[in-house]
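Q: Each chain, written out:
Protein chains: 2
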Amino acid sequence: MTAPYASILAGLPASTPFVGPETLQRQLGRAYDLRLGANESSFGISPRVLAVLQEEAAHANWYCDAEHFELKQALCGTLGCDAENIVVGEGIDGLLGLLARAYIDPGDAIVTSLGGYPTFNYHVRGYGGRLVEVPYREDFHNDLEGLLEAAQHEKAKLLYLANPDNPTGTLLGREAIAGLLEGLPEGCLLLLDEAYFEFMPPEALLPVVAEDPRLIRLRTFSKAHGLAGLRIGYALAPAEVSAALDKIRMHFGVGRLSQIAAAASLGDQAFVSGVIAEVAAGRKDYEALAESLSLPFIPSHTNFVALDVGSEERSQAMVRLLHEAGVFVRRPGVPRLGRHVRISVGTRAERALLSERFASVYQEI
Amino acid sequence: MTAPYASILAGLPASTPFVGPETLQRQLGRAYDLRLGANESSFGISPRVLAVLQEEAAHANWYCDAEHFELKQALCGTLGCDAENIVVGEGIDGLLGLLARAYIDPGDAIVTSLGGYPTFNYHVRGYGGRLVEVPYREDFHNDLEGLLEAAQHEKAKLLYLANPDNPTGTLLGREAIAGLLEGLPEGCLLLLDEAYFEFMPPEALLPVVAEDPRLIRLRTFSKAHGLAGLRIGYALAPAEVSAALDKIRMHFGVGRLSQIAAAASLGDQAFVSGVIAEVAAGRKDYEALAESLSLPFIPSHTNFVALDVGSEERSQAMVRLLHEAGVFVRRPGVPRLGRHVRISVGTRAERALLSERFASVYQEI
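Protein chains in written order, with my numbering: chain L, 425 to 789; chain Z, 425 to 789.
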């Protein structure tokens, strides 16, 4: 007889937060022509990052710096906070797992938006938390009042919010987020997922106040910096939280090349600014596509746009037909949001091909 | 007020499994001349791996394959097992964390050798497990009878064993491991850490029987393959265990470049064989060093050798003085084992310099 699993695992159903494009390609039997479903950056990596990766590849035999010293120094310079306010982790996914583990006792209530980030939900369930999901508002913004009411009513330990939001792309300004923080019930912490913050107007961004005990912010090098395959992100947190996470984090978990690449990318703001400008142009192209087909879309502040194709059934059909046409996109799996097809911004050439295939498939349904 | 931490974290003391060489270098104020303390491979990475890393670096913007399909296919070919018997993870460290989470309920007894792998202990404590530590035998082999007795007596869920062993380098043959499996009490699983298996005589290796429900084996690309900085390893486990781990693992946690590098390295057995031969030669050099100083040493089947400098105090002094002389080595922190200084096998040039500095420092103490 095998050893019995821990009680939480024993009670979990089989689940996967996402089916990846490689898996879908194997089902399709060939490579996608367009990979625009996971909000990866189509604009690659900085030439500086490429150069250090090629140079440092020969030192892949060394373990990483467990303290992430050089990357933290680079981040402190950019953010104006102390090293002890930064927790480097294996992308936002890894950090969300760490935070779920740090805060959740089985049965604890955790509040999020219904249709929000599936990997967060996966971690919450995986640590025995009780998810309380609040529907988006009619205008596809997160329902801050509803989230706060749920947090209060359920005595939630954590409130998760993505801003700019995924999968809608909507943005809440700094006053709205500051108001949310003010309204948090005692004993509830805001996990603010800022994976897409580089794409929002800088003036809308909440200033960094690292020692706010109600707030942990999460950021990644996977989007504007184009380092999704290297698994690296960071949290901004009070020093006391950072010290607590040090008791359970994987000290040598963030790869050596990942740290070096992230630090190099921070040093190439011109590259990142170029990506941001291209992404802005790409959103306009997708908006034009939507208008040409008379489809509503959700104005986005991220590197994707969600187009409303009219119904969940039509959205499902679109994603399936696009898949068969060699195009990887995704759709939200919850009511109302599910009318949309979410398309990551590709290069100019990718956008042109996407527009063509999307319009063609749309005629079919 | 911040949200209260989960009960396990709230009860944990601050701890770090290892202080890394980068941290120690910052304390020293300069880079080490010799980095021989973390059992990294001094023989770098395969030229094939270097080529694919340099080629694929430009695709670091893509998330990884969550199913590790190509790497698993390569492993299946080498190992003669099915893909469903392989769990790819963020090195053995990551897999040990996953397994601790999968099996440990707070208070569960977990048996290991006293002075064994600190990162395993860190994970056990981090999930609320109760560590039961059994001293090594007089000859520095793991005490299999003692481990089994402890597992029986404490109703342990997991028994951890490294073979070849770290930090001693000793080896138990296939009959000994088979006997240990036979003797496992009901409901106890053997976690067999084979991080150094490439360095042992192949005929001593337990055959792969993936569906043995009492056994999970752990392997890494960090040692013979020289990919420590890319964080990748795998577990061999029954399909049912692999499916259970799928419910909690970080599906996109193992980087894209890491997977590609590992698969490429598996395809270059000539390189790995060369590393193994160099490591064997290096162990002989360290044995000769020990003999030249009339020091006992533990015969090793790994990429390191532990030299007995006579007492724990002398060992502490050696490590400190070597550090000051620009040499990174480590010592076990428990009684009796702690008389040793553990030195990773370096290149021929590194070994020559190490021998010189070691002998010189040894004269001082």
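One or more of the hints may lead you astray.
For chains that are exact copies, the list does not tell them apart, and a pair is met inside one copy or across any two.
Unchecked claim - Listed below are the simulated SDA-like cross-link pairs for lysine to any residue, each with C-alpha atoms no more than 20 Å apart in a straight line:
| # | residue 1 | residue 2 |
| --- | --- | --- |
| 1 | Lys671 | Ala434 |
| 2 | Lys671 | Pro471 |
| 3 | Lys671 | Asp529 |
| 4 | Lys671 | Pro437 |
| 5 | Lys671 | Arg472 |
| 6 | Lys671 | Gly435 |
| 7 | Lys671 | Thr440 |
| 8 | Lys671 | Leu433 |
| 9 | Lys579 | Asp567 |
FYI, nobody ran anything at the bench for these hints, they're computed from the structure.
Q: With reference to the structure, classify each hint as holding or not holding.
A: Quick rundown of the hints versus the structure:
In the homo-oligomer, the alpha carbons of Lys671 and Ala434 lie at most 20 Å apart only across protomers (10 Å), although the nearest pairing inside one protomer, at 26 Å, exceeds that limit. For a Cα distance limit of 20 Å, the shortest separation of Lys671 from Pro471 qualifies neither inside one copy, at 36 Å, nor across copies, at 38 Å. Both within a single protomer and between protomers do Lys671 and Asp529 lie at most 20 Å apart by alpha-carbon distance, with minima of 17 Å and 18 Å respectively. In this homomeric assembly, Lys671 and Pro437 come within 20 Å of each other (Cα to Cα) only across copies, at 7 Å, whereas the closest approach inside a single copy is 29 Å.
In this assembly of identical chains, Lys671 and Arg472 lie within 20 Å of each other by CA distance neither inside one copy nor across copies; the values are 34 Å within and 38 Å between. Taking CA atoms no more than 20 Å apart as the test, Lys671 paired with Gly435 passes between copies only; the shortest distance there is 10 Å, against 26 Å inside one copy. Within a single copy, Lys671 and Thr440 get their C-alpha atoms only as close as 27 Å, which misses the 20 Å cut-off; across copies the closest is 7 Å, which meets it. Taking identical chains as interchangeable, the C-alpha atoms of Lys671 and Leu433 lie at most 20 Å apart only when they sit on different chains, with a minimum of 8 Å there against 22 Å within one chain.
Taking CA atoms no more than 20 Å apart as the test, Lys579 paired with Asp567 passes inside one copy only; the shortest distance there is 18 Å, against 50 Å between copies.
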